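Trainee: Take a look at the letters that make up each chain.
2 protein chains.
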Amino acid sequence: MRLSTYFLPLLRENPAEAQIVSHRLMLRAGMIRQSSAGIYSWLPLGLRVLRNIETIVRAEQDAAGAQELLMPTVQPAELWRESGRYDDYGEEMLRIRDRHERDMLYGPTNEELITDIFRQNIKSYRDLPKNLYHIQWKFRDEVRPRFGVMRGREFLMKDAYSFDLDLAAARKTYNKMFLAYLRTFARMGLKTVPMRAHTGPIGGDLSHEFIVLADTGESQVYCDKAWLESDVLSTEVDYDDDLEPFFRQWTSLYAATDEKHDAANCPVPPDRLLSARGIEVGQVFFLGNKYTKAMNVSVAGPNGEPVVPEMGCYGIGVSRLVGAIIEASHDDAGIVWPASVAPFGAGLINLRAGDAACTEACEALYTTLNKAGVDTLYDDRAESAGAKFAAMDLIGLPWQIVVGPRGLQKGVVEVKDRKTGQREEMTAEAALNRIKAAR
Amino acid sequence: MRLSTYFLPLLRENPAEAQIVSHRLMLRAGMIRQSSAGIYSWLPLGLRVLRNIETIVRAEQDAAGAQELLMPTVQPAELWRESGRYDDYGEEMLRIRDRHERDMLYGPTNEELITDIFRQNIKSYRDLPKNLYHIQWKFRDEVRPRFGVMRGREFLMKDAYSFDLDLAAARKTYNKMFLAYLRTFARMGLKTVPMRAHTGPIGGDLSHEFIVLADTGESQVYCDKAWLESDVLSTEVDYDDDLEPFFRQWTSLYAATDEKHDAANCPVPPDRLLSARGIEVGQVFFLGNKYTKAMNVSVAGPNGEPVVPEMGCYGIGVSRLVGAIIEASHDDAGIVWPASVAPFGAGLINLRAGDAACTEACEALYTTLNKAGVDTLYDDRAESAGAKFAAMDLIGLPWQIVVGPRGLQKGVVEVKDRKTGQREEMTAEAALNRIKAAR
Chain A
71 MRLSTYFLPL
81 LRENPAEAQI
91 VSHRLMLRAG
101 MIRQSSAGIY
111 SWLPLGLRVL
121 RNIETIVRAE
131 QDAAGAQELL
141 MPTVQPAELW
151 RESGRYDDYG
161 EEMLRIRDRH
171 ERDMLYGPTN
181 EELITDIFRQ
191 NIKSYRDLPK
201 NLYHIQWKFR
211 DEVRPRFGVM
221 RGREFLMKDA
231 YSFDLDLAAA
241 RKTYNKMFLA
251 YLRTFARMGL
261 KTVPMRAHTG
271 PIGGDLSHEF
281 IVLADTGESQ
291 VYCDKAWLES
301 DVLSTEVDYD
311 DDLEPFFRQW
321 TSLYAATDEK
331 HDAANCPVPP
341 DRLLSARGIE
351 VGQVFFLGNK
361 YTKAMNVSVA
371 GPNGEPVVPE
381 MGCYGIGVSR
391 LVGAIIEASH
401 DDAGIVWPAS
411 VAPFGAGLIN
421 LRAGDAACTE
431 ACEALYTTLN
441 KAGVDTLYDD
451 RAESAGAKFA
461 AMDLIGLPWQ
471 IVVGPRGLQK
481 GVVEVKDRKT
491 GQREEMTAEA
501 ALNRIKAAR
Chain B
71 MRLSTYFLPL
81 LRENPAEAQI
91 VSHRLMLRAG
101 MIRQSSAGIY
111 SWLPLGLRVL
121 RNIETIVRAE
131 QDAAGAQELL
141 MPTVQPAELW
151 RESGRYDDYG
161 EEMLRIRDRH
171 ERDMLYGPTN
181 EELITDIFRQ
191 NIKSYRDLPK
201 NLYHIQWKFR
211 DEVRPRFGVM
221 RGREFLMKDA
231 YSFDLDLAAA
241 RKTYNKMFLA
251 YLRTFARMGL
261 KTVPMRAHTG
271 PIGGDLSHEF
281 IVLADTGESQ
291 VYCDKAWLES
301 DVLSTEVDYD
311 DDLEPFFRQW
321 TSLYAATDEK
331 HDAANCPVPP
341 DRLLSARGIE
351 VGQVFFLGNK
361 YTKAMNVSVA
371 GPNGEPVVPE
381 MGCYGIGVSR
391 LVGAIIEASH
401 DDAGIVWPAS
411 VAPFGAGLIN
421 LRAGDAACTE
431 ACEALYTTLN
441 KAGVDTLYDD
451 RAESAGAKFA
461 AMDLIGLPWQ
471 IVVGPRGLQK
481 GVVEVKDRKT
491 GQREEMTAEA
501 ALNRIKAAR
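If you read the protein sequences in the order shown, they are chains A and B.
As numbered in the working numbering, residues 71 to 509 make up the first sequence, in order.
As numbered in the working numbering, residues 71 to 509 make up the second sequence, in order.
Chain A with its partners taken away, still in its complex shape:
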């Protein structure tokens, strides 16, 4: 993509309305624009990151045996009356009346709707287990929306719902999702700690929330320092294995939110205790038969007897993750994207857009990079070198290739690693290989 034509409205100044760094950087880097309180448009650069996050979430859900469908945003109130939540949910639920005066709502979550789909279509134990997910926009009418996409009203969430025949099978599914979540966040370059959590209004009696460690995080957490060395991606484990040992191992290390941490009785000695800031990016719940009972769901068991399925639900804040990743990975100059979610693989800076040699070298490199599968943002604008460096640092692509007249005379370009800040001169070919090798 050429910056001269790309819709990327960068801001030089910090917007006054943004209180936290991810909100500031998303506005400055032209990723989002607010249309109403807590409701955002995703501009092209922001949408690319959102889609990359979705892709990782989807891949791990699929690998864990969950199947994707897509439920609508607008739901009928009747289903929520069946579960008893229509009155319980309070003002956060955006209630809508249609032209025929029917009570509808903009879904804040989907337990009722998926349970209705299940009971209409699944009748036999032979069709279990089922784990169904979607990635869909939700609405929660927060009284004070703030922090950009971290606490918006219209937000993108992945929510999965599982149905199992008995407790043991439901526990297996819970463990699969537990693994999927750890892998999902790790693939986005995040250090994430699962913490035992309250179930809240969702119900059920077993729950973990997943907290990303970030210096600028919203809440205080305490955990064993061993978490910092944990690496789930290098753990040899398969979704079809017995995951109970894995689950035990990953929940044996101490981790607690501020509310639950009791310094006087903490089992971890002070020298091994990490006090850190965190951001919640996902939560998993074992629901039992709260919804299946309330909504009269059963399947025919092996001997024809009705069996009430055990449910679980599993949420990931997809749009929230965009903010969380920035909170966990930025510096004074801007965003530092992990390669797996970066909106482009590399940025190409033409230091002198009016110079024929520079332009020719850039065009050749631009073509080569894109052909090699390195999606490249090419700054071909007639701006100063300083403005281009600042813009590219702000956007935070993993690699920058800088092409200038002096380097070209020596036959080299400059390659900058955004994360380390390290710069190195090399031939254009070597630059391409460096970037390809790092993927």
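What the hints contain is simulated information worked out from the structure, not anything from laboratory work.
Check each hint, because a few of them may be wrong.
A pair holds if it fits inside one copy or across any two, identical chains being indistinguishable in the list.
Straight line, CA to CA, 30 Å or less: simulated DSS-like cross-link-like pairs of lysine-lysine [as the list claims (entries may be wrong)]:
| no. | residue 1 | residue 2 |
| --- | --- | --- |
| 1 | Lys441 | Lys506 |
| 2 | Lys242 | Lys441 |
| 3 | Lys242 | Lys193 |
| 4 | Lys480 | Lys506 |
It should be emphasised that the depicted structure is a prediction, and the values quoted were computed from it without experimental measurement.
Using the hints, position chain B against chain A.
Mentor: Relative to chain A, chain B alone:
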């Protein structure tokens, strides 16, 4: 994907509520389920088709120079008051009041919101032209939703909005979208005819609608028989060319909706006149400065003087297309998917799921097909051969591979072309090559 675990609730009987064939087949093939009048959940099979259609739409929009962003579903009423459409739009607009008693709405279209984004972020003629699109759920509160996804209330639409400095540039953009639309529908295996159209409540003074020819279409159309031989995909034309000759050529052949066709004064002789049924799947509009003027938008021109941009807007009914493609491509046994949008590339039928040799051959073929990039739906259920044939015909994948004990003794499987119905015995390797070659 294995059918034994896939969430694919097939129906044997025609559902009473479905009046048209695409609605019937989408319900029977387990693609959608209704949650309220005109509001559907997309089950896994249906979602796959929807995503394939999106992919084609996106590819042609990108190729034509449009850039993707994503606007929210919920919009503030103020913007619509600025354009004057808040009161004009009528009951089809789903009006919402949030917890702070602010007037909001579920967007039925996005002219106001995109114009607001434009005026906030684009200030100079140097940033034009811009053509911005999104693929997002819309809501229109139809008084009588019907025909499944063909006339739903919550529906997926691609809408693009272009901004140009002057009429000549706006016309170029219109022509690019005109080409993109013809290519988009052709890539989905559809025969589509553009027809001059009224602009309606959208405004502006130039518009074409794109009508898919389908025997079971909703409206009557008349056109020159030469349309049947037209093939835009084999036309040598580039988005960067001067597209005016292309536009002239493609609008020179007669085509008119029932309302506009005047049999007495038709320029086409009867033997060349085609009377057919059609379905509208897209429409393009030149808007002029209706919205930019109403919303006080201008950019600084080359000499600093303010210029009011000329707009166009361009819609494709993405979810409607799923129904339209089925209307255009089905037979008595079920859906006949064009390969480009088929939910899976091939279906694999194990005629005797309990037989070791059959199962071994199927498993090997299943692995090979998926590895070769042919996404395969494997019917590994313990059902009768008849039920499996009927299910696979209903789902309508382009190819079926049938593995049975008698064939295996001869070292062959049966390959069926869903469209022609032709069956042929060949080795498993030849079957794989046949399917790969047809892509």
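Trainee: Check the structure against each numbered hint from earlier and tell me which ones fail, lowest number first.
Mentor: Going through the list in order, the structure violates no hint and respects every one.
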